[in-house]
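A.B. asks: Listed below are the residues making up each chain.
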Amino acid sequence: MVRLGASQSFAWTAALVAALVLPFIVTVPYYISTAIFALIYVTLAVSFDLVVGRIGALSLAQPVFYGYGAYAAALLATHARPGPGFWIEAAVAVLGAPLLALAIGIPAFRLSLHSFAMGTLGFALIAQLVANNWLDLTRGPMCISAIAPLRLSYPGGVLQIVTLRQSYYVVLAIAVLAVASVALIARSRLGMAFRAVRDDPLLAAARGLSPNQMRLIAFTVSAGLSALAGVFAAHFETVVCPSYLDLGITVLLLIMVFVGGAGSLRGVVTAAVVFTIGPELLRLVAAWRLVLFGIILLFTVTAFPDGFEQLYAAAGRALSRRRSAGPAEEQAWKP
Amino acid sequence: MHVFIDEVVNGLTLGSEYALVAAGLALIFGVVQIVNFAHGELYMVGAYLLYLAQTYLNWPYVPAAALAVLAMGLFGLIFYVAVIRTMIGKGWQLQLVATLAASVVLINLAIVTVGSIPKVVVSPLTATILTAYFVRLSAQRLVVLVCALVAFAGLYGFLKYTKAGKAMRAMSQNRDAAVVVGIPIERVTLSAVVTGAMLAGVAAVTIPPLSNVNPTMGASVTLQAFAAVVMGGFGNVTGAIVSAVLLGLAEAIGIIWVPSEYADAIVFGVMIAVLLFRPHGLFGRAARA
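Just so you know, the sequences run in chain order C and H. If you're matching positions, the first sequence starts at 1 in my numbering and goes up one per residue. If you're matching positions, the second sequence starts at 1001 in my numbering and goes up one per residue.
Just chain C, same shape as in the assembly:
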């Protein structure tokens, strides 16, 4: 177990409290829906980082699981109205996505480094083609629309998630679940095994850890969390289109992970929030936004390979210098 320093646990608690009271401070609906998208991306980026940053496998198939969750929820909710409700949809997503992850991961992890990236990209493209062309199931580019609001049943009743504020708390719960799962994994023996496999697969194998088994565990957990975000997004946006599987999402997630600092939870969460809210505030045209994103990403990986983590680490060092004896910082990975 790696213990959090006092300043870090304080910062996480403060962030959580701020997130909890946010809908009462900010009341403009547009800002709340932007915050909802930010939390969807926090979930996606943190689970993506489990694969990219913590196990060191550059998968380009992440939107497949997000899209799977969204399509599963959309199909369940539209084929039988009023639909089976959140828990069943979540179960289908969270149990189905790891199976899909195994189907992709078992062949793809036979490949190394660059080939793995290309292999997963191949699966991502095939998934995109299926979403676009299997009209009977997905309605292709006509999208699945009019998805009813999320129905959350609890002992004694059913809650319809209708208002923005309700949606916000649901997605906040999902994001907290994702961040907490990744944090717990990172601090457990499993997280240490992940790090061993990432830093030296041969040595890890020699110590009795199967690298591919570890990689598949990271890949399946990450897939489950992304699919859960997809279930929420389908109900929140009320339509599901093939664009859920877009390569653009992969690019955005790569930006969040690398600008945040691969393997750094605080960095990735910050980057996910900054890169969903920033473009909204700047109100940029989509194409210019991507030009800017690309330049930022290029600049970051050439000049600041540790991204935001570098800033946090520097701030942490400054703080602990003032207190003379500081706790050991979680080391970010330098790929």
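If you're looking for bench data, these hints aren't it; they were derived computationally from the structure. If you're wondering where the values come from, they're calculated on a predicted model, not measured in any experiment. Among these hints, one or two may not hold up.
Covered stretches of chain H (in silico footprint by chain C; criterion: 3 or more residues with CB under 8 Å from a CB of chain C, positions within the stretch not fixed) [stated by the list, open to error]: (1) 1085-1094; (2) 1227-1240; (3) 1255-1262; (4) 1269-1281.
With a straight-line cut-off of 20 Å between C-alpha atoms, the simulated SDA-like cross-links for lysine to any residue are [unchecked claim]: (5) H/K1160 / H/R1187; (6) H/K1160 / H/A1178; (7) H/K1090 / C/Q310; (8) H/K1090 / C/I295; (9) H/K1090 / C/I296; (10) H/K1090 / C/L113; (11) H/K1160 / H/L1142; (12) H/K1090 / C/F304; (13) H/K1166 / H/R1187; (14) H/K1090 / C/S112; (15) H/K1119 / H/T1055; (16) H/K1090 / C/D200.
Negatives, chain H to chain C, calculated, CB over 10 Å [unchecked claim]: (17) T1055; (18) S1103; (19) P1124; (20) L1125; (21) A1132.
C-beta: ideal position from N, C-alpha, C; glycine also.
With the hints as your guide, set chain H onto chain C.
C.D. replies: Leaving out everything else, chain H in the frame of chain C:
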């Protein structure tokens, strides 16, 4: 039978397109071990250069095409300075993400400057139909095949007989030893990137007259070319070219039975299948030429 022969010709054209892009990709990977995700965008830039030369300079096809290929050499130089040089010696994930970022920048710069509406480039040979026995094909397809063959012959001679080409092969065989004997890594990398850009330029001036020029035209070609490079064994130029032609043929012939929307799935299906049985590609790690 007609359909089959037509598709074989289509497949060879497609295959040359993929091969011209894949050869540059494999060359750059062999020399600096960087996977250039933006290589298809070099193809796109080349096609726009041809469009600009035809529309604004009013040059006829052949000189405009020659100018575009030369300008691609210059663009390769810029690309090397802006992207590749800064990433030499960094981690492979960072390199891949950097070139992916470069591709996003290029595609979207094209969208905001020239617009996403497809542009037309013309070649006098597109409308010329050649008939031999019962095969009818556009003369432009023949141009594609001939230009690709000439480019590959040139590339082979360059790698085999020139000093720069030998240095590239040396670097892709053993980088450390190449440094020890005093091969200037940066200059050789630069010439690999420029060569790769010009090969993409050859594809860019011969193929778009058969279809059109648009900002995302490079994206799908990058992926097909990657499939070829992965299948051919990373860094193996000959392997990449042969795999690219095979993939082009598989895609074109597969369309006879598979709905055409799934054409890309054929390419990636073949790639995944090959990698499952031969994880280091069809041509393994040996024999890099």
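A.B. asks: Which constraints among the numbered hints does this structure fail? Numbers only, ascending.
C.D. replies: Failing hints, ascending: 11 and 18.
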